[in-house]
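Colleague: If you're matching them up, the sequences are chains A and B in order. In terms of the numbering used here, the first sequence opens at residue 1389 and continues consecutively. In terms of the numbering used here, the second sequence opens at residue 556 and continues consecutively.
Among the hints, erroneous ones may be present.
[Stated by the list, open to error] Calculated lysine to any residue pairs in the SDA-like style (CA-CA distance at most 20 Å, straight line): (1) A:Lys1683 <-> B:Lys763; (2) A:Lys1577 <-> A:Tyr1493; (3) B:Lys763 <-> A:Trp1585.
[Said to hold, decoys possible] Computed far set for chain B versus chain A, every beta-carbon distance over 12 Å: (4) Ser568; (5) Trp631; (6) Ser643; (7) Asp646; (8) Glu662; (9) Cys696; (10) Leu707; (11) Ser725; (12) Asp743; (13) Ala762.
Bear in mind the hints are in silico, worked out from the structure with no lab data behind them. In this text, a Cβ means the ideal position worked out from N, Cα and C, and glycines have one as well.
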Amino acid sequence: MSFGLSVVIVLCLSLPVFSGAGGALFAAKLAWISGIGFASYRVFRTGRVSGWRSLFFIILAWAFILEFKATLLGLSGSVWVTPEIREVPYCHIAIVSTFLNHLYYQYLALMSGHWLKWSPLAAGLLFWLLATLSIGQGWCSWACFYGGLDTTFSSLRKEPFLKWFHLPRGARDFSLALLIAVMLLSLAKTQPVYCLWLCPLKISTGFLDPDTVIRKWQFAIFAAAGILFVIALPVLIKKRTFCAFLCPFGAWQAIVGRISPFRVSINPEVCTLCQQCLKACPIYAIDATGVKEHKISSYCNRCGDCFDACPTGAIDYSIGKRLSGTPLPRILFLISAWLIGGSVSLLFVPSAILKIIRWVSSGFHG
Amino acid sequence: MADTEFFMNPLVSISFEGLMLGLSTGSVCATTCFPFLLPYLMTEGKSGLRKQAFLLLKFFSGRLIAYLLAGGFAGWLGGRFRGRFPESFHDWALIVLAGAMVFFASERLFFKKTACLRSPKPFVSRQFPFLLGFLMGWNVCPPFLIGIDRLLEIGNPALGTIFFFAFFISSSLYLLPLFLLVPLFSSDRLRTVGAMTALLVGSGYLAKGVFALFFSR
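Pulled out of the complex, with its shape left as it was, chain B reads as follows (with noise of 0.2 Å):
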């Protein structure tokens, strides 16, 4: 009795609800984070443990920062207009972290060594792994979606925010041993095949993004 009880109040249930979808959908997840986030780690992994402890890190509190901001917004919207996300959302968000990721590519590939544009740390290179995440968080994979669509019925953005907190824990899961692997096989080499791939899926998704939003409707 006590324990249904506890699985009757909102906070766990939702919270059970989130981590579960995480657990159950998280290698869908997977499967569209990998392409932005393997030739990025390819790039940019880190050899040394600390270094690449801070670049899990930052990565992880941009997606963190994302699905919060996106379960309080579901939340509310549902909440307030029972509505949906315009259609154009996703092609919007896909093509802002396609752009992100050209131009990160871009800037590793052909700017890198130019005199004229040398700078020590740029703080857009410095702060990459959060915007990653940040915009990786808000980019529509199925998972999201069923998310998203649940938190529009419930219609509370407090809830909102634990259900996508919880659904941030489950999800990460499928991404971590990207983070453990990667660097193990850094070198010079693997670093410029990592920014060619990057900069051929972010202009493959840069494309598709624009070609959705302005020619399929």
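This is chain A alone, in the form it adopts within the complex (with noise of 0.2 Å):
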């Protein structure tokens, strides 16, 4: 059965790719659909969710510095983003720390009689749309190409230096103020406020517009927030602190994300309140209340590390609250999660894979 559950993932995977051009790209896109075909076996065949996703995860996010790096060396000569590069790229953590900006757009379109300009943004909506319906705010932990960063350092070691599984009450919420306060900045100041002050990952572009005072400011903050939330925290903790508190992107899901059927629930029936799941959680989004009541927050990515961590097999993914006692939820959601995380990985892991090859059977040359 897990075999068969894989040929269907790497089926589903491969059809689009055999509508394109065959050569050394095609080659390498089935390489990759073969090793997620791969991967998704090991997950049904042992049940163990957590490794080899944070592995396809961790390959995900690397993949996609080195790409879009690339790319921009090719465009302009340089790994920054220079002003010969006219567009910017615009990723999903903009666009809802923007979300504001694009609906009062949208108003002033329809108060203006231009009811039909819809932004481009609206296209990219109903991919988004099923993205969320089918794993909600697993996005974060399947198909996000920036939760791999914090991912890759907090897997560095097996045991934390600080042992700070407890936050203090209110704390997890922060990230979900930090949406609201960058959504209502953007309108106001009609600029992406994140993206301009906060993002530690645009340490990894730059700006357009000249140098100045404020240009080296708010490199001070990228570099401070990046080395703290991204590098830091993530090898002292173990905990994946970007995508818990600073990502406005993960809150913004949490929220929405309930469209999805998909849960993570604890039977209490086998239940030992060991806490395990707690220690293990990326994201804090299992706290000792919740332990006690068998409740795990909206915050939850689907990573399935609690799963592996649970020493009774206590949880496992549901359709709604309620487990259901059958691997079906389990089935569904994981070919969710690795069609969507599978399909984002497409667009930029082959060719990364090709670009190191290249690299590499040039003896590091070029």
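From these two lone chains plus the hints, build me the complex, please.
Modeller: Below, the structure is given as structure tokens:
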């Protein structure tokens, strides 16, 4: 059965690939899809989600960085965004943090009689809706091409240096407050405030306007946030601190991701209240009260780390809030997650693999 | 003919101008005010209709008084000097408003449950909606600037006050829905989120004001 399910995933991912051109990229795509097929087979076979998912997720993030930088290098001869590049990438984090701006512009278009003028983002909405309906908050652990960065650093050690398993009351909602704040500030300033002032991932790009004192402040903030939340804290406490506290998209998905029927639930009859799930959860989605009440917060990313940590197997995917006792919810969720994550990864992982192969085969030149 | 005479009356025409300015630019006005108002209402919004109406009344009284003063002052300034508000006025107004927001949020987040600082209902807390309305009224948004510019041209304090009264009435229409909607979702969790949002927004604007005042000139 595990093999059959993996074949379904491989076939679904391969169909669009076969409609494209052949060559080295085609071969790289097939190789990557085979890799996904193998990983999904191991997950179905062993019942352990976190290991193979983490590996896939980490490759996704670093391949994105490599592909993005290589594209910049090809376009402008620099790994930074330069004035030669007119179109700056606009990621999912930027989209939600400027969501009110899009609504406002749409309102202005309607008020001026241009109701047919829809933002190009309206088309992206369809993919987001499909992904959110399918895996909800699972986007943040299966398809986000940034999440793999702090996952990398949080996976470096088996045990955390600092055992910060509990948060002060309300602290987990900081990302929600940040989401609301950046949405409001972006609307008031008609600028993507999060991208301009807070996003540590922005350190990997640059600005189009001249270097000023403000620019130095912005870079200092990006560097500080990046070092602290993407590298240092994940290494020290073994948690995905950027995703948990600094990513507005995570908070957004925690709210709207509820439209997906899939949940992660605890079986109260099997749970021994050992709190291993609380310790394993990389984004603080389970707290002590939650363990007692067998409740997992809406911030849960469906990563599966708690399943593997649970000594009694009390936690699993469910449809709705109760565990059905059958493997069906797990199978349906995992197929959806591999397909959504796999589709996103096909946009840049095969190409990044090719670049690495060429780079290595050229003796690390070029 | 009678209609034309009616609109030629300076009182009527200035009221009409203020009213139209508020109606036509109210959405811009709202986008400037929402960052302060929404977190505040998330934190302090009351579920009871009477309590919420009281809060609304305090906020809009503060805002009205600020607008009347601004209108009167701009008219007086225009009449005497044909001058302008000092450039740094905007930054100072922003710093005071953002500072008040940071103080309010910090009090809610960090000091409320500290025994030594606990008080039944401090005066500042009780009057905060009025203060917020007053400080927000003084904060410069594009429609406010257009209004001020017009009043500097007219140079009459009485007409300035009337202009801003009319502007207050029409622009308030865009803020009212928040007062009605936010309390519907009131919960302890949302109050904490609101206070954290207020702290973030206040800190952001405070940094912006300080930077603009001391580093960009």
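Colleague: Evaluate each hint against the coordinates.
Modeller: Hint check:
Note on lysine 1683 of chain A and lysine 763 of chain B: the hinted pairing is violated, with a Cα-Cα distance of about 41 Å set against a maximum of 20 Å. Using a Cα cut-off of 20 Å, the hinted pair lysine 1577 of chain A and tyrosine 1493 of chain A holds, with the two alpha carbons roughly 13 Å apart. Of the supplied pair hints, the one linking lysine 763 of chain B and tryptophan 1585 of chain A holds, its CA atoms being roughly 11 Å apart against a limit of 20 Å. Once the 12 Å rule is applied to beta carbons, serine 568 of chain B is consistent with being away from chain A; the minimum gap is 25 Å.
With a minimum CB-CB distance of about 30 Å to chain A, tryptophan 631 of chain B clears the 12 Å threshold, and the non-interface call stands. With a least CB separation of 18 Å from chain A, serine 643 of chain B remains clear of the 12 Å interface cut-off, as annotated. Annotated as non-interface, aspartate 646 of chain B keeps its C-beta farther than 12 Å from every C-beta of chain A; the closest such distance is 15 Å. Residue placement check: glutamate 662 of chain B keeps its beta carbon more than 12 Å from all beta carbons of chain A (closest about 15 Å).
Listed as a non-interface residue, cysteine 696 of chain B fails to keep its Cβ farther than 12 Å from every Cβ of chain A; the least gap is roughly 9 Å. The Cβ of leucine 707 of chain B sits about 25 Å from the closest Cβ of chain A, beyond the 12 Å cut-off, so the non-interface label holds. Taking the minimum C-beta to C-beta distance to chain A, about 16 Å, the non-interface status of serine 725 of chain B holds against the 12 Å cut. Against chain A, the non-interface label of aspartate 743 of chain B is violated: not every CB pair exceeds 12 Å, the least being about 9 Å.
Not every CB of chain A is more than 12 Å from the CB of alanine 762 of chain B (nearest about 9 Å), against its label as outside the interface.
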